[in-house]
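Protein sequences, first through last, are from chains V and P. According to the working numbering, the stretch in the first sequence is residues 1279 to 1452, in order. According to the working numbering, the stretch in the second sequence is residues 8 to 132, in order.
Bear in mind the hints are in silico, worked out from the structure with no lab data behind them. Any given hint could be a false lead.
Here are the simulated lysine-lysine pairs, DSSO-like style, with alpha carbons at most 27 Å apart [to be verified]:
(1) K56/P x K1308/V
(2) K57/P x K1380/V
(3) K1437/V x K123/P
(4) K1437/V x K66/P
(5) K67/P x K1308/V
(6) K70/P x K1307/V
(7) K49/P x K1429/V
(8) K1343/V x K70/P
(9) K109/P x K94/P
(10) K109/P x K1307/V
(11) K66/P x K56/P
(12) K1448/V x K56/P
(13) K1323/V x K123/P
(14) K49/P x K1307/V
(15) K1308/V x K26/P
(16) K1308/V x K70/P
(17) K56/P x K1427/V
(18) K1307/V x K123/P
(19) K1437/V x K109/P
(20) K26/P x K94/P
(21) K1343/V x K94/P
(22) K109/P x K1286/V
(23) K67/P x K1307/V
(24) K1343/V x K67/P
(25) K1286/V x K70/P
(26) K1380/V x K66/P
(27) K26/P x K1343/V
(28) K1427/V x K123/P
(29) K123/P x K1343/V
Just the calculated beta-carbon pair ranges, DEER-fashion [as the list claims (entries may be wrong)]:
(30) C1416/V x I106/P: 45 to 51 Å
(31) E50/P x I1319/V: 53 to 59 Å
(32) I77/P x R1348/V: 20 to 26 Å
(33) S38/P x R1373/V: 22 to 28 Å
(34) N1325/V x T42/P: 41 to 47 Å
Non-contacting residues of chain V with respect to chain P, defined by C-beta distances greater than 12 Å in every case (computed) [to be verified]:
(35) G1294
(36) L1320
(37) N1326
(38) H1337
(39) T1350
(40) K1372
Even for Gly, the Cβ is constructed at its ideal location relative to N, Cα and C.
The primary structure of each chain is shown beneath.
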Amino acid sequence: MEAEELLKELAISMLGDEVLPVLEILLKKKGELTDDEIARILNVKVNNVRRTLYILSDHGLVRYKRTRDRETGWYLYYWRANTDQVNDILLNRKREMVQKLKMRLEFESNNTFYICPDDGSRYIFDEALENEFKCPRCGASLVYYEGDKVKEIIERKIKELEEEINNETKAKVS
Amino acid sequence: MGGFVEIGPVQLEELVHEKIKEAGSDGISQSDLTTALGVSNKELSPILKKLILKRLVSKKSMKVEGKNVIMLFPVAHDTSRIIVNVKSMYDVPCFMCNILNKCGNGSQIGPHNCPKLASWLVSQL
């Protein structure tokens, strides 16, 4: 998959379809465009374009360069899509994913769980005790749940992602 | 009727960019560009400045037959090669999650109670 396609897919999944027109303009034009120029091309209000650009920027999908207009003294923002930084975006995301998985692993390790045999809902010990070890949804008796398998799955994924991060960071530097 | 058609600054900017792109890696001198487009240096300069600022064009001063000539080159925008394996990321719901940067940092949803992460874990059992 090309960087442009991946960037678009990430944008749609994370932020929804509404950011796509602005991102597509930046991808199509390759270089940099001001918010005014984008608004003119799309025939929409510049405020809407700015808001979209800031959202895209928050997620690292676009970046800007700021210069001052000598005549008016106003700041001009030149925006571009981060196609050249797509590997950094993905690596950062992978690192964040590892961090979240580690947090989940800690939670799994520090708690004991009870599960409803009928609907499969899971409760930590305190919740199960509060409900007298009965499922709050269907009333079935909760049974002790062995969480080792879940921990194994998380540990395996963390290992896989961490190994990839190491290799890909090295590959990026060389 | 007929005669010349006036073009606006945006169209002229596109035209200048096109002409520089046509020249490719050989580049085109600024004076040749003014001749080719029939515009003055005064008209061309601000457009070039804008294109350089937008990183669409680069400018280099070169010596040609003992004279200093300003050469203009198109900036190549390569779609960078993806070296990061995304396959291993797709199956974990965090990859495409729109609140990943807020997840667990004092927000209501965190890795401990995320329903998407929970159903992914169940699907892996």
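Any of the earlier hints contradicted here, and which numbers? Those not satisfied are hints 2, 4, 6, 7, 8, 10, 12, 13, 16, 17, 18, 20, 21, 25, 26, 29, 30, 31, 33, 35, 38, 40.
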